[in-house]
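Engineer: This is what each chain is made of:
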Amino acid sequence: MSLYELLGTVEVGLIFGLVALGAFITFRILDFPDLTVEGSFPLGAAVAAILIVNFGWNPWPATLVAAIAGFGAGFVTAFLNVRFNILHILSGILVSISLYSINLRVMSGPNKPLLGAHTIFSAVQGWGIPAYILSPLLLAVIILSIKVLLDLFLHTGLGMNMRAAGANPAMAAANGVNVGRMKLLGLGMANALTALAGAMFAQSFGAADAYMGIGVIIIGLASVIVGMSILPVRTIAQATLACLFGAMLYRFAVAFSLNADFLGLKASDVQLVTAILVVVTLVGQSSRSGMGKLLKRKSS
Amino acid sequence: MIEVSDVRVTFNKGTPLEATALHELDLVVPRGQFLTVIGSNGAGKSTSLNVIAGLVRPDCGKVVVDGQNVTDWPIHQRSRLISRVFQDPKMGTCEDLTILENFALAHGRTQPRGFRFAIDKTIRERAAERLKLLKLGLENRLNDKVGLLSGGQRQAVSLLMATTGETRVLLLDEHTAALDPKTAEFVMELTREIVTELKLTSVMVTHSMAQALHYGDRTVMFHRGRIIFDAQGDKRAAMQVSDLLALFKRDQGEELSDDALLLG
Ligand SMILES: Nc1ncnc2c1ncn2[C@@H]1O[C@H](COP(=O)(O)OP(=O)(O)OP(=O)(O)O)[C@@H](O)[C@H]1O
Ligand SMILES: [Mg+2]
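Chains A and B supply the protein sequences, listed in that same order. Just so you know, this note's numbering puts 170 at position 170 of the first sequence, and the rest follows in order with no gaps. Just so you know, this note's numbering puts 165 at position 165 of the second sequence, and the rest follows in order with no gaps.
Only chain A is shown next, with the shape it has when bound in the complex:
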């Protein structure tokens, strides 16, 4: 693996760290298996690409609006669940398939190239340092800031209410927590992070694509499960760090297995390998970590 490839993998690993943080909020904190991300990832990509290319927006506000769109998508999923009592998984599926159509409308087609467009990465070019070094640096700063903000939020009164709402809804309600509102906020936040990841991925990769959301849910989940079963997760800050680490590790595992010719894997095998990885980790970790318990209990 060359330095160029290495930094490229780091870049994607950082971006998918946001997806992992989103999965951490939904699966781990809110106990809400959220499938919306399959649609909100390409939604973020599509919104950012259109605003930058068709409307000539500055890439920063375009990226921000993409995240807000993601918030809206998560909010709708939570609303279907909270207000109309639709099963959480089904709510997410409904919103993500709707988003598939919406994304095609937004882009007026299945994809939108961003090559040559002004992106958040081109803003940091030309300082005498090559872009393939500066881009991951920029991303690292953004993603770590978001991680710290999330840690801080989860320690506020509101953040603690959200944690209680997921862990013990009846007890939370008896202590004045509006559990439904916490789901709306949490799913909004998680999908804002996912859409942000989509927007950044499109700008890094050079295009937005309606199909780029396939498997995002399982990548996020794999990152959270793998990260949290390897690193200690006694505090919130450790847990979010473990998610970022898991996302990075996942990316490297994918890069290596695709590079290893003797395995004979093709790029299209990634989803299958990921699913197997999740199963193996869940089976292997028995009931050691809370996450394993959580997901296994649910499936039984």
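Take these hints with a grain of salt, some might be off.
[Claimed, not checked] From the structure, some residues in chain A lie toward chain B, with a derived Cβ separation under 8 Å:
1. S108
2. P110
3. G157
4. L158
5. N161
6. A164
7. A167
8. A173
9. V177
If you are wondering where the hints come from, they were derived from the structure by calculation, not from laboratory data. Glycine is no exception: its CB is placed at the ideal position from the N, C-alpha and C atoms.
Starting from the structure of chain A, add chain B with the ligands where the hints point.
Structural biologist: Below, chain B with the ligands alone, put in the same frame as chain A:
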């Protein structure tokens, strides 16, 4: 003060499983009164607490707490007026949060902290000070996850949490039933101390006739969704556990003869 007037509760309405759990219930608990509630299984004791706390919406009737009509309020809104300790120690505390965080959560009920940090020096000190009452050494374990505590310890913490804010109404549903006799006694004495000290309006459901007569100022007995017995003052002071048992038996007997009629 709690006023339940003319409340009817029917479960599974319109299905073959339809069952009326409360029949036109009227119950007034004046400010500062400690009411104990007894009755056989399925008599409607928990359902009436759930109606007061907002977990069960009545078909008709009205619930007023501290002068406010709360009939249409959701649970979390009522929690500003009402606190609860559940029978299951796992329900009263959140095991993924630390003792201190649980305390802060209970504190937020009457003083929400929004975007400020959930825990600050005042809350830490207050929690430690309250936990000292328990003499269990928990004030030195503030940062331990609640999941590490025993059932009795968790129940004691739940009770402190329930009485930590500014709520004036306390609902206890067999809150010592899952504890061993010694711990149950300890939690019960603690309940009495706190309720007396804070002059809380309290309703306690129990299956122990002795407890029902020993604690509190008034005792009611539920039977099939109705209050069939209500005693306070001298009448209650003169009552023995055996008198209550006799009442209990009479109702069970009545139930049997009803069934016999149906079968016959
Ligand atoms: N959620 C529910 N759905 C259907 N029926 C219910 C529900 N909750 C209670 N009931 C029924 O309502 C009646 C009263 O139940 P409740 O739980 O109030 O009894 P209880 O007096 O608390 O009894 P116990 O001493 O066993 O706790 C019972 O017949 C019960 O089966
Ligand atoms: Mg009961």
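Engineer: Compare the structure with each hint and give your call.
Structural biologist: Verification of the supplied hints:
1. S108: violated, 40 Å
2. P110: violated, 41 Å
3. G157: holds, 3 Å
4. L158: holds, 6 Å
5. N161: holds, 7 Å
6. A164: holds, 5 Å
7. A167: holds, 4 Å
8. A173: holds, 4 Å
9. V177: This interface hint holds because 6 Å falls under the 8 Å limit.
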